[in-house]
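Peer 1: Once you've looked at the hints, dock chain B against the given chain A.
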Amino acid sequence: MVTISSLDVFIQVIINGTLYGCIYGLAAIGLSLIFGSMQIIFIAQGAMMVLASYFTYWFFTLTSIDPLLCFILLLPVFYALGAIIYRVCFKRVARAGKNPTLLLAFGIMVLFERAMALLWSPDTRSVTTDYTTMSLSLGNINISYIRLLVFVIGIAATIIVFLFLKKTMWGKAVRGSSEDPHAAALLGISPVKVATLTFAIGISLAGVAGVAVAMSYPFDPYFGFIFSLKALVAVAIGGMGSVGGAFIGGVLLGLFESLGSYLISSGWADAISYAIFLIVLIFFPEGLFGRSAKKV
Amino acid sequence: MEKKLLSVENVNVFYGDAQAIWDVSFHVNQGAIVALIGANGAGKSTALNMISGFNPPATGRILYEGKSLNNLPPEEIVNRGISHVPEGRRLFKRLTVLENLELGAFNSTDSRKRMKQSLEEVFRLFPKLEDRINQPAGTLSGGEQQILAIGRAMMSQPKLLMLDEPSLGLAPQIVELMFDIITQLREKGITILLVEQNVYQTLRISDYAYVLQTGHLKMEGRGEELLADPDFQKTFLGMVY
Chain A
1 MVTISSLDVF
11 IQVIINGTLY
21 GCIYGLAAIG
31 LSLIFGSMQI
41 IFIAQGAMMV
51 LASYFTYWFF
61 TLTSIDPLLC
71 FILLLPVFYA
81 LGAIIYRVCF
91 KRVARAGKNP
101 TLLLAFGIMV
111 LFERAMALLW
121 SPDTRSVTTD
131 YTTMSLSLGN
141 INISYIRLLV
151 FVIGIAATII
161 VFLFLKKTMW
171 GKAVRGSSED
181 PHAAALLGIS
191 PVKVATLTFA
201 IGISLAGVAG
211 VAVAMSYPFD
221 PYFGFIFSLK
231 ALVAVAIGGM
241 GSVGGAFIGG
251 VLLGLFESLG
261 SYLISSGWAD
271 AISYAIFLIV
281 LIFFPEGLFG
291 RSAKKV
Chain B
1 MEKKLLSVEN
11 VNVFYGDAQA
21 IWDVSFHVNQ
31 GAIVALIGAN
41 GAGKSTALNM
51 ISGFNPPATG
61 RILYEGKSLN
71 NLPPEEIVNR
81 GISHVPEGRR
91 LFKRLTVLEN
101 LELGAFNSTD
111 SRKRMKQSLE
121 EVFRLFPKLE
131 DRINQPAGTL
141 SGGEQQILAI
151 GRAMMSQPKL
161 LMLDEPSLGL
171 APQIVELMFD
181 IITQLREKGI
191 TILLVEQNVY
201 QTLRISDYAY
211 VLQTGHLKME
221 GRGEELLADP
231 DFQKTFLGMV
241 Y
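In the order they appear, the protein sequences are chains A and B.
Going by our numbering, 265 is the number at position 265 of the first sequence; the sequence numbering is gapless.
Going by our numbering, 204 is the number at position 204 of the second sequence; the sequence numbering is gapless.
In isolation and in its complexed conformation, chain A is listed as follows (with noise of 0.2 Å):
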């Protein structure tokens, strides 16, 4: 083990695990949202992001639009996406329970892997802007505005999921639904309307947090498939169905992993987040913020 040279590098480290961790946040949300609702594990999460990481690429590139804006356009897009992808591929699935639907979301990140590789070629990509190498400087810690904006938006994101899941009426639908779609559907909560609105706002995320890493690091087609792993660890360390739980198991599967990779050696990064999987699912099933203490 290495021992810990400055103060500085390691403050540094811990800052640039948990912002990387936002990203891992962002993607877990709405994995936890669409999982929460509807059982589905969406492993395709992450082709999604990658999918906006290109589509930040493509504008930037192609019409030199600020990559801070797609954040804003690529929203309606990607609400768009998800509400297709659920009423085309999922509605008629998702009656038929876990495994199906575990494959459907497989086959749906291949065929969209398959699809950038071909449309954007299977070289790594990357989006440079004038403000990607600045930073924040506080004594010897910098902090790279990119990844501050990143952590920004994972929070207000969290927060307006939260809120919209807590204060509105269809957020409160959701939260019914996702108990129990019978006892909904009895209300006149239209099943198919809550399960389209909440793959719409998962997607969404994905797109959010695609276009951070698209201003974060190089790319490639198959660059998504890790974060669909990591943001599902996030999940499981957060609490299935709990948003806030998702986002901060997302930091800190960020955090450790940088820790890990700092104090031990970066081949272990991952091994270090699969680690943290197993010990939260064998110690603490329903995750660290999960639901079970409020079960009745």
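Everything labelled a hint here was simulated from the structure, so no lab data went into it.
Built from N, CA and C at the ideal position, the CB exists for glycine as well.
Misleading hints may appear alongside valid ones.
[To be verified] These stretches of chain A come out as covered by chain B in the derived footprint (C-beta under 8 Å, 3 or more residues):
{"hint": "1", "segment": "159-173"}
{"hint": "2", "segment": "177-185"}
{"hint": "3", "segment": "188-197"}
[To be verified] Here are a few chain B residues that face chain A, going by a calculated C-beta distance under 10 Å:
{"hint": "4", "residue": "71"}
{"hint": "5", "residue": "77"}
{"hint": "6", "residue": "85"}
{"hint": "7", "residue": "92"}
{"hint": "8", "residue": "102"}
{"hint": "9", "residue": "104"}
{"hint": "10", "residue": "105"}
{"hint": "11", "residue": "106"}
{"hint": "12", "residue": "112"}
{"hint": "13", "residue": "117"}
{"hint": "14", "residue": "121"}
{"hint": "15", "residue": "171"}
Peer 2: Chain B alone, transformed into the frame defined by chain A:
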């Protein structure tokens, strides 16, 4: 003359290949309490699910206020003014009492506009609920949960309230209370279609009752007529009490 609010005409209902209801007809007059009684598996809950649009009849007609309900989706049937309190209450246990009630008014913009008024009405009927609005529904007692389930169904201001086994699993004195509540609801002008296994008390409060047996309509009549009928006594009262 009494006006028919709901009439079910010669319906046959299937679950997959299995027929659950055979050529059954019944009707519910405006302002009445009508009961469907019978043993487990008689098709009572199936009849309610048929009316609320979850399992439409293969043949036959359901008329409500003179219009057909056949093949309407469940949400449209709620909009027409029919509320269904399902067996086992099926509350959203993790949501608060208030959130459960609010979702009862989800069905239409009209219901949502009337939300405040509907809430006041429900709290006037069931003052206990008002003390617990921020409590998760799952923490209420069985009787309170049943009351909340009825309150939730009242939030869409229905004309016809269908209650499936409201007394199931409740302590005897709470069962009494439940039948009082049903009578009170009728006094407020709500028409009630009641499914129950608690035959004696059900017949005491109902205006008319239909007896189902394995999916067939066996008998019908006013409560006191059935109670006095020797056949009925032998099959039902002997069995239940």
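Peer 1: Each hint: holds or not?
Peer 2: Against the structure, the hints:
| no. | hint | verdict |
| --- | --- | --- |
| 1 | 159-173 | holds (count 3) |
| 2 | 177-185 | holds (count 6) |
| 3 | 188-197 | holds (count 3) |
| 4 | 71 | 16 Å, violated |
| 5 | 77 | 8 Å, holds |
| 6 | 85 | 8 Å, holds |
| 7 | 92 | 4 Å, holds |
| 8 | 102 | 6 Å, holds |
| 9 | 104 | 6 Å, holds |
| 10 | 105 | 8 Å, holds |
| 11 | 106 | 5 Å, holds |
| 12 | 112 | 7 Å, holds |
| 13 | 117 | 16 Å, violated |
| 14 | 121 | 17 Å, violated |
| 15 | 171 | 18 Å, violated |
Of the numbered hints listed earlier, those contradicted by the structure are 4, 13, 14, 15.
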